[in-house]
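Heads up: the protein sequence lines correspond to chains H and R, in order.
For the first sequence, the residue numbers in this note's numbering are 107 to 890.
For the second sequence, the residue numbers in this note's numbering are 12 to 182.
Don't read these hints as lab results, they were simulated from the structure.
Glycine residues also receive a C-beta, built at the ideal position from the N, C-alpha and C atoms.
You may find that some hints are simply not true.
Rough simulated footprint, nothing fancy, chain R against chain H, three-plus residues with beta-carbon under 8 Å [unchecked claim]:
{"#": "1", "segment": "293-307"}
{"#": "2", "segment": "351-362"}
Once the Cα atoms are required to be at most 20 Å apart in a straight line, the calculated DMTMM-like pairs of lysine to aspartate or glutamate come out as [what the hints assert, rightly or not]:
{"#": "3", "chain 1": "R", "residue 1": "K28", "chain 2": "R", "residue 2": "D68"}
{"#": "4", "chain 1": "H", "residue 1": "K453", "chain 2": "H", "residue 2": "D278"}
{"#": "5", "chain 1": "H", "residue 1": "K877", "chain 2": "H", "residue 2": "E295"}
{"#": "6", "chain 1": "H", "residue 1": "K212", "chain 2": "H", "residue 2": "E227"}
{"#": "7", "chain 1": "R", "residue 1": "K28", "chain 2": "H", "residue 2": "E227"}
{"#": "8", "chain 1": "H", "residue 1": "K212", "chain 2": "H", "residue 2": "E182"}
{"#": "9", "chain 1": "R", "residue 1": "K171", "chain 2": "H", "residue 2": "D412"}
{"#": "10", "chain 1": "H", "residue 1": "K886", "chain 2": "H", "residue 2": "D870"}
{"#": "11", "chain 1": "H", "residue 1": "K756", "chain 2": "H", "residue 2": "E682"}
{"#": "12", "chain 1": "R", "residue 1": "K171", "chain 2": "H", "residue 2": "E243"}
{"#": "13", "chain 1": "H", "residue 1": "K756", "chain 2": "R", "residue 2": "E154"}
{"#": "14", "chain 1": "H", "residue 1": "K756", "chain 2": "R", "residue 2": "E149"}
{"#": "15", "chain 1": "R", "residue 1": "K171", "chain 2": "H", "residue 2": "D825"}
{"#": "16", "chain 1": "H", "residue 1": "K212", "chain 2": "H", "residue 2": "D278"}
{"#": "17", "chain 1": "H", "residue 1": "K212", "chain 2": "H", "residue 2": "D164"}
{"#": "18", "chain 1": "H", "residue 1": "K453", "chain 2": "H", "residue 2": "D412"}
{"#": "19", "chain 1": "H", "residue 1": "K201", "chain 2": "H", "residue 2": "D250"}
{"#": "20", "chain 1": "H", "residue 1": "K212", "chain 2": "H", "residue 2": "E243"}
Okay, the calculated bits of chain H under chain R, using three or more residues with CB under 8 Å as the criterion [to be verified]:
{"#": "21", "segment": "532-541"}
{"#": "22", "segment": "585-595"}
{"#": "23", "segment": "607-616"}
{"#": "24", "segment": "633-639"}
{"#": "25", "segment": "741-754"}
Spelled out, the chains give:
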Amino acid sequence: MAQGTQTETGIGAQVPRREDRRLVTGHGNYVDDIRLPDMLHLKILRSPCAHARITRIDVTKARSLPGVVAVFTGRELHPITPPLPVPPATLPEMKVPEHHALAIDKVCAVGEGVAAVVATEAALAADALALIDVEYETLPAVVDPEAAVAPNAPIIHEQIGTNIAYRFQFGDVSESLAEADVVVRQRMENQRLIPNFLEPRGIVAQYDVGDEQLSVWVSTQGPHLVRTQLALMLNMPEHRIRVVAPDVGGGFGGKLNVYAEELLAVVLAKQLGRPVKWIEERSEHMVATSHGRGQVAYVQAAARRDGTLTALHLRIIADLGAYQHVLTPMAALQTATLITGCYLVRKLAVDITGAFTNKTPTDPYRGFGRAEGAYYIERVMDLIARELHMDPVEVRRRNFIPADRFPHTNPFGHTFDSGQYDRALTRALDMLGYEQFRREQARLRQEGRYLGLGLATYVWRAGFPSVPPGMPFLIAGWESASIQLAPTGVATVRTGTSPHGQGLETIFAQVVSDNLGLPLDDIRVVHGDTDAVQYGIGTMGSRSVCNGGSAVLLAAQEVRQKAMRIAAHALQVPPERIVFERGRMFPKGAPERALTLQEVTRIAYHGVDLPDGMSPGMEVTSYFSAPNFTSPFGTHACVVEVDVETGEVKIVRYITVDDCGRAINPLLVEGQVQGGVAQGVGQALLEGALYSEDGQPLHGSFLTYAMPTATELPMLEMDRTETPTPVNPLGAKGVGEAGTVGAPPAVVNAVVDALSPLGVTHIDMPLWPEKVWRAIEAAKRRTP
Amino acid sequence: MQSPHTAAVAERGAVPKVGISLRVNDTERAADVEPRLLLVHFLRDHLGLTGTHVGCDTSQCGACTVLLDGKAVKSCTVLAVQADGCEVLTIEGLAQGSRLHPLQEGFQAEHGLQCGYCTPGMIMAAHQLLQRNPHPGEQAIREAIRGNLCRCTGYQRIIKAIQHAARLRLD
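So here's chain H without its partners, still in its complex pose:
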């Protein structure tokens, strides 16, 4: 493959980001920074009840407040507001309740909208919310997903008649379990998490009656997805809709869905003939933006006495929440796909039940489905080691898929592209000083200090290919890129991906620089505006560099080919004799005859005397369609010290050896891992969207939802291995979610290792001091 090294700023260069200047000077442009003339502000009145009938709504006082332009109840809006997007019913017994932007006569979760106010100022709209009088007749709430699917549970959607949203079963391992030397069994929870990107969701919608043109600025990860879904929902011509994702302050999967408030802003802008803005408040975010995770899993693992895994049985009860978003059912399926981890698992059985509960719907969150699977299997490897009195390192090594066995297909049918699992593990153990740590650990135990080491030798999947089973058609496995060289020779790159912190303006410029020899200053990357960029899918599932970057690479190569053909024609030599070097083209051995890319581009725009059949100009659009997933992997090793008097966990060291294939910008790779680890540590130690028994969220704001601050994390000790993927021409596997996949099992394994002398075998996340302390006390009672 012809590639690269045309500049010092190309693939593999650690260059600072192009997007930073506007962001560090306060000149970023986020949705809330957009102000249009005559703009109105939307606020939503939300249900304080988890499950209730709306018996009366009185909005008269709110309507009469000066500055209020309109107030709508769900019933009033119903005739002009289509239902929200839902997933295709592709799974067995799948039930998809209709989901309205505002509840009509019944609410199924705290935070569900019941009325909308539009006013000239946001503060006035908030004032008006307080004047709306709603009477609720409360119904019994279903909060625990296991209780939800048990007989005689109160039914959330009467028209469906069951709280079982879907079933999925695969395989049979009952014989293997019966015949195994040992079977370890563990119930594990993956608690609900809240994305909590720092920029809350938001939208500005404007409808131009004259042009019949809808313009939408929305904080999203996929502006084209929003455009198509709006067109489908509103039955509106898609070419009359423009969707812009301006600077987007993080997404983590939570900005993929088209939400109720976004649809409402669009409908109301059209209805009222004035621009409408809605900006999410943080306490709204806690209930109105989809949650992540939300699983209870029962894992059974059969093994031989030598530690060889022979079979896995995974049962999941997925806590879906009150409704299904488009991607909601995908999570547990992904967990099932990756439950085999980086191990040779011969037999697998899976049994998934999707459960409706009176809670906020769940949807993608960084690590979506795969983080859950990695957590279960990595906990299980430690449980097997403990059961067999083996070293957890040894159990892992005994079961790794060997580096020479790729591509490897697991019993579920998922194919892993490439991997060197033992290499990453060995490097991490070297960095840690494994033997020395174990001696130190034993010595400190004598002193009554409890240190533990947790390993996560993880693998996940990224760079989604086209339409895996159950995936809605819009989330396709291809991505697009166009490169246009202007007559003066500078490049505009248009990508269908939609970065929101990943640094793609820099990464894609590096790919182009690498292939065309242009300095980064001569390359501009445009994204996020459906009127400015050809169709694309967006940024999610660590797909942007794998799929979007590969499309950029293909486009750059095509531009280079065209330039070389023009140069050959102009220099009157056969094209195969032309050398392309640092943006200059010359016949082999005659660099003094070189034409620059700028000169060749000028010829292309002049449009005369081009090679036969060649069109003028210098613009190329390329598509890359992924044939399979990539499988990024690595080893995380975490050392903790637990205070057994208080249950407090302190992370002492955290070592990462990640393999994301080819790294385009190692600095940005490092940043992705660090941020991901912080979120993963957050899940392990701090975060959780918890509910009371009657469905009241106990996580209403940043006061009660704890996320890592600067004082909770150590400096990571980091290294990488680089195993390119054969799946895409860049060789990049993706890295965005590595930290959230690796960190939870590494941290929990470390805490359980620390407490193993006390008889603790498992603690469910988050490992709050109280829970750790209780686990210690319970273990003490069991083993006096």
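On the provided structure of chain H, position chain R as indicated by the hints.
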């Protein structure tokens, strides 16, 4: 949930506005504002200084941090009327023309930001730290920015960015 203030506004209608004057990024500003208007909304909505961000509604996240008479404050916790007669420095006032402030340079050079939403507040908090402690160690930096949440970076490169700025300032 109806706050007493909201109820009062709703019952009585608009409250009379109050005149304030203050110096923002070295420019004199005067306006008539509602007494309940927060400083952050004054900066964003009245002055168009949208570099100061709102990330929460409980004064936890620090995205709205500005300097008020030289002290870092969360501008969502200060009423605009309280800033009357004060001097305010926001992210927009840091660079000297096209020359970036050492902190801005440090954040870019060390990849101290990803989505950029927390960045202005983070930089203003770090600004106060460097004024008080020109050469802070890792732990001092961690303590100084613990009131500023970042969901993207894991803070590691923010710490490096602030150390980078400290070096630039000493040069």
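Comparing the hints with the structure gives:
With 5 residues bearing a CB less than 8 Å from a CB of chain R, the segment 293-307 of chain H meets the requirement of three and the coverage assertion stands. Check on the segment 351-362 of chain H: 5 of its residues sit with their Cβ under 8 Å from a Cβ of chain R, so the three-residue criterion for coverage holds. For the hint pairing K28/R with D68/R, the CA-to-CA distance comes to about 23 Å; that exceeds 20 Å, so the pair is violated. Straight-line distance between C-alpha atoms of K453/H and D278/H comes to about 8 Å, which keeps the hinted pair within the 20 Å bound.
Between K877/H and E295/H the alpha-carbon distance is near 13 Å, which keeps this suggested pair within the 20 Å criterion. A threshold of 20 Å between alpha carbons decides the hint, and for K212/H with E227/H the separation of about 29 Å lies outside it, so the pair is violated. With a C-alpha separation of about 15 Å, the suggested pairing of K28/R with E227/H holds against the 20 Å cut-off. Straight-line distance between C-alpha atoms of K212/H and E182/H comes to about 14 Å, which keeps the hinted pair within the 20 Å bound.
In summary, the hint linking K171/R to D412/H is not supported, as the alpha carbons are separated by about 46 Å, beyond the 20 Å threshold. This hinted pair checks out: K886/H and D870/H have alpha carbons roughly 18 Å apart, not beyond 20 Å. At most 20 Å may separate the alpha-carbon atoms for a hinted pair to count; K756/H and E682/H exceed this at roughly 62 Å. Taken as a hint, the K171/R and E243/H pair is broken in the structure, with Cα atoms around 55 Å apart against an allowance of 20 Å.
Distance check on the hinted pair: K756/H and E154/R sit about 16 Å apart at the alpha-carbon level, within 20 Å; holds. For the hint linking K756/H to E149/R, the alpha-carbon distance of about 17 Å falls within 20 Å, and the restraint holds. This hinted pair checks out: K171/R and D825/H have alpha carbons roughly 18 Å apart, not beyond 20 Å. Of the pairs offered as hints, the one joining K212/H and D278/H is violated, with about 41 Å between alpha carbons and a cut-off of 20 Å exceeded.
Between the alpha carbons of K212/H and D164/H the distance comes to roughly 16 Å, so the proposed pair stays at or under 20 Å and holds. At roughly 17 Å between alpha-carbon atoms, K453/H and D412/H fall within 20 Å of each other, so this suggested pair holds. Note on K201/H and D250/H: the hinted pairing holds, with a Cα-Cα distance of about 19 Å set against a maximum of 20 Å. Annotation: proposed proximity of K212/H to E243/H holds, straight-line Cα distance about 9 Å (limit 20 Å).
Requiring three or more residues with a Cβ within less than 8 Å of a Cβ of chain R, the coverage given for the segment 532-541 of chain H is violated, as only 0 such residues are present. Judged by the Cβ-Cβ criterion of 8 Å, the segment 585-595 of chain H is not covered by chain R as claimed, because only 0 of its residues qualify and three are needed. A stretch counts as covered by a chain when three or more of its residues have a beta carbon under 8 Å from one of that chain; for the segment 607-616 of chain H and chain R the count is 3, and the coverage holds. Note: the segment 633-639 of chain H has 0 residues with beta-carbon separation from chain R under 8 Å; the three-residue rule is not met and the coverage is violated.
Under the rule that three or more residues need a Cβ within less than 8 Å of chain R, the assignment of the segment 741-754 of chain H is violated, with 0 such residues.
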